[in-house]
Amino acid sequence: MKLKIQLKSKNLLGIRELNREEIELILDTAESFKEISTRTIKKVPTLRGRTIVNLFLEPSTRTRTSFELAAKRLSADVVNISGKDSATVKGESLKDTAKTIEAMNADLVIIRHSAAGAPHLLARLVRCGVVNAGDGAHEHPTQALLDLFTIREKLGRIKDLHVAIVGDIAHSRVARSNILAFTKMGAKVTLVAPPTLLPVNIEVFGVDVSYNLDEVIKEVDIVYCLRLQLERQTENLFPSLREHTTLFGLNMARITRARENTLIMHPGPMNRGIEITSEVADLPQSVMTDQVTNGVAVRMAILYLLIGGGESV
Amino acid sequence: MKLKIQLKSKNLLGIRELNREEIELILDTAESFKEISTRTIKKVPTLRGRTIVNLFLEPSTRTRTSFELAAKRLSADVVNISGKDSATVKGESLKDTAKTIEAMNADLVIIRHSAAGAPHLLARLVRCGVVNAGDGAHEHPTQALLDLFTIREKLGRIKDLHVAIVGDIAHSRVARSNILAFTKMGAKVTLVAPPTLLPVNIEVFGVDVSYNLDEVIKEVDIVYCLRLQLERQTENLFPSLREHTTLFGLNMARITRARENTLIMHPGPMNRGIEITSEVADLPQSVMTDQVTNGVAVRMAILYLLIGGGESV
Amino acid sequence: MKLKIQLKSKNLLGIRELNREEIELILDTAESFKEISTRTIKKVPTLRGRTIVNLFLEPSTRTRTSFELAAKRLSADVVNISGKDSATVKGESLKDTAKTIEAMNADLVIIRHSAAGAPHLLARLVRCGVVNAGDGAHEHPTQALLDLFTIREKLGRIKDLHVAIVGDIAHSRVARSNILAFTKMGAKVTLVAPPTLLPVNIEVFGVDVSYNLDEVIKEVDIVYCLRLQLERQTENLFPSLREHTTLFGLNMARITRARENTLIMHPGPMNRGIEITSEVADLPQSVMTDQVTNGVAVRMAILYLLIGGGESV
Chain A
1 MKLKIQLKSK NLLGIRELNR EEIELILDTA ESFKEISTRT IKKVPTLRGR
51 TIVNLFLEPS TRTRTSFELA AKRLSADVVN ISGKDSATVK GESLKDTAKT
101 IEAMNADLVI IRHSAAGAPH LLARLVRCGV VNAGDGAHEH PTQALLDLFT
151 IREKLGRIKD LHVAIVGDIA HSRVARSNIL AFTKMGAKVT LVAPPTLLPV
201 NIEVFGVDVS YNLDEVIKEV DIVYCLRLQL ERQTENLFPS LREHTTLFGL
251 NMARITRARE NTLIMHPGPM NRGIEITSEV ADLPQSVMTD QVTNGVAVRM
301 AILYLLIGGG ESV
Chain B
1 MKLKIQLKSK NLLGIRELNR EEIELILDTA ESFKEISTRT IKKVPTLRGR
51 TIVNLFLEPS TRTRTSFELA AKRLSADVVN ISGKDSATVK GESLKDTAKT
101 IEAMNADLVI IRHSAAGAPH LLARLVRCGV VNAGDGAHEH PTQALLDLFT
151 IREKLGRIKD LHVAIVGDIA HSRVARSNIL AFTKMGAKVT LVAPPTLLPV
201 NIEVFGVDVS YNLDEVIKEV DIVYCLRLQL ERQTENLFPS LREHTTLFGL
251 NMARITRARE NTLIMHPGPM NRGIEITSEV ADLPQSVMTD QVTNGVAVRM
301 AILYLLIGGG ESV
Chain C
1 MKLKIQLKSK NLLGIRELNR EEIELILDTA ESFKEISTRT IKKVPTLRGR
51 TIVNLFLEPS TRTRTSFELA AKRLSADVVN ISGKDSATVK GESLKDTAKT
101 IEAMNADLVI IRHSAAGAPH LLARLVRCGV VNAGDGAHEH PTQALLDLFT
151 IREKLGRIKD LHVAIVGDIA HSRVARSNIL AFTKMGAKVT LVAPPTLLPV
201 NIEVFGVDVS YNLDEVIKEV DIVYCLRLQL ERQTENLFPS LREHTTLFGL
251 NMARITRARE NTLIMHPGPM NRGIEITSEV ADLPQSVMTD QVTNGVAVRM
301 AILYLLIGGG ESV
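Residue numbers (our numbering), protein chains in the order written: chain A, 1 to 313; chain B, 1 to 313; chain C, 1 to 313.
Nothing false has been slipped in among the hints.
Simulated restraints on C-beta separations:
1) A:R39 <-> C:R39: 27 to 33 Å
2) C:M252 <-> A:D208: 53 to 59 Å
3) A:P239 <-> C:P284: 57 to 63 Å
4) B:A116 <-> C:P239: 54 to 60 Å
Don't read these hints as lab results, they were simulated from the structure.
A virtual CB, placed ideally from N, CA and C, is assigned to each residue, including glycine.
Make the full structure from the sequences, and use the hints.
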């Protein structure tokens, strides 16, 4: 397979920076890569001899592992760098970290950082490609892309679907990337959250808002649960965990009000019993494990599209 | 070499779950793999494209490294996941960790966990293979297998040998796996420890017990020293370190009482000067480095037998 | 390319142990390896199937990453072991760590340790090769070698050049290795530092000393800035950070006094605004990124020369 179309940028920084054609290119490419991970020998030589740096300056197991597997299944060499947000990775010294990585002839840097915009800064400082694996409360574009892939796979399309995104919208990079992704692909989005967990500039997103999950759930094709970051509770952003779970948690009673086969999604890791009950999490229409599987395929596609130039699959 | 016999299970959870034929199959396979690590190019393509996840939720350097080398010498792709026993790896969320790993199409998960039974739980939750690399005070089967391999290599057989296992039996997963392994293979086992460091249900193991190392050492073919977990001392399980070392430590005076060439083994890391003196540790019949070398071969055999189906060596 | 000359030792422990011919061999070999990292497929099979252990018992990102990339670009298998200077890596137990690594049939151990001499101790304990990646305040030979490589590349020679090494000489293994390397290769070295940051046995090095950077900078071909270890300030080794920066920091005013094209070097990571201003760090004659790039090439050369015996590039 020789792909002719390409991404416009050397980087994948956010859904905001992608147009609909690029998103479709990524999803189509992921489709052709998905099968590789089901083989006994789940490895192709596509990116042999490429150097990919996993720069995870915020802890993450699943996203880091997903990128690492995607890279290894394409035969790239991967170097993991982790670290808390220490002095050496802040401010001006991100510049020196970037120059160091570039000087070692990395082809691609995958960065997770607690500061919004860090991947964009990095991308301006290096000639090699940069992939945003989550930056503060800003974006997590590969999560949104694997979510789109999963929806397209399960429901055949994204356009004109209605998605409810439920929970702590304000602090969620997943929500932000998904709002951009769903609306860009022609889906309708309704945010469901208490006012304190909604972003202040909500009107710019062009989405509906509701405080009533029981009403919204009847109308949607997809319920997208966000992880509740439990440490927020101490900040008095919601009155009590129990109240939040009662009003915005996904449980069997609520699912019964939904259309049959309403897709249930969650970016993981789940707080079972908080934003979603165990019973709901294990329903057939809950597609969290598909999301994880598709994450590897979508990341393989992104690595290939960004640094596989000239190589055939 | 095409092996026809196979392990019955997709998992290696404990010595308890293996029968004598399976143990011999593992030891024979390890024998054929041992030579690979002595080559200049110590790598065969046997497990190319397989994905092995090293899930070490309790710190470990030597066991993790041994598995990692075993996997790499068979050309598998290895992903390391480490972490303290945090909230995210306890209780119900081990289920989600398992589902995530499976969803990424891992072929095998090697798990070390502070909770006894965690590997068994994991194995029920995933379709892929699971290897127990140590679970609480329960089992550490690959340690026992490499110990059997080393004994067979040094003494030509295991059956009818007499092994003394000395030290903190109660808290040792190594002791538990080795008691099962030695008795299963027809060796006689005598446990030597103060009553406070013996398990409460000692009679179920079908082994002898002694409080007198000086007597036992005269009769055995193998002295197997356990690592004393020094933090136990504060729990008042033994009166004082000095007294424990005096009564149960392996020193030259004691070794002089033993038969010539009595094999001395220790799972490592040693507390030199506590459960074993440096002089004894460095004797020719102390085979700790052989144990480490054989650990890689035995683990290569296990990886091959569990996920190398259909591949020839 | 078949190299006939070889290093005399199985180890690279310090610049002190190398003679001029060996240093030139390393630099010449690095020259032939440098091009590999500029290819799309930056990987050669030279060290396929070799096992290299990165034993970093002191935190380090850039040196560890540089060695890891060097090894992977030569197709070696790399295992990373990290850890704080805990009880298990001190005193006698370094012996057991060494025996364990050897028993796993590692070909080469790259060690960083907080104690001066740890790599030398390790090298006596194992048959496999040992590379010193920094030991206490003693030596950091691969840093000095990559610095020599960079100077030779930029200025065409090392002999008869004049180098000023500026800053905290007393606590710097980089300074120590570079003093030895520069003098061995026939360069003249002047140390510039306050008396409290000079080593006590300064006369043994056969170098000049000055307290006046403004004078020295006029005469030198290279200014080599050391990283100021900021935690030293609390030890009252220098009166104040501001005073140190005023007297010994590299700023534009000082650079203006230097000859045109005076090379500016720093081992990284830089404290911009302390030992060097950002403006100076970003000048064309500041070659810090070249140093990083050359670090990978020099380390590839060292790995090849130590364990690539009989293999052609």
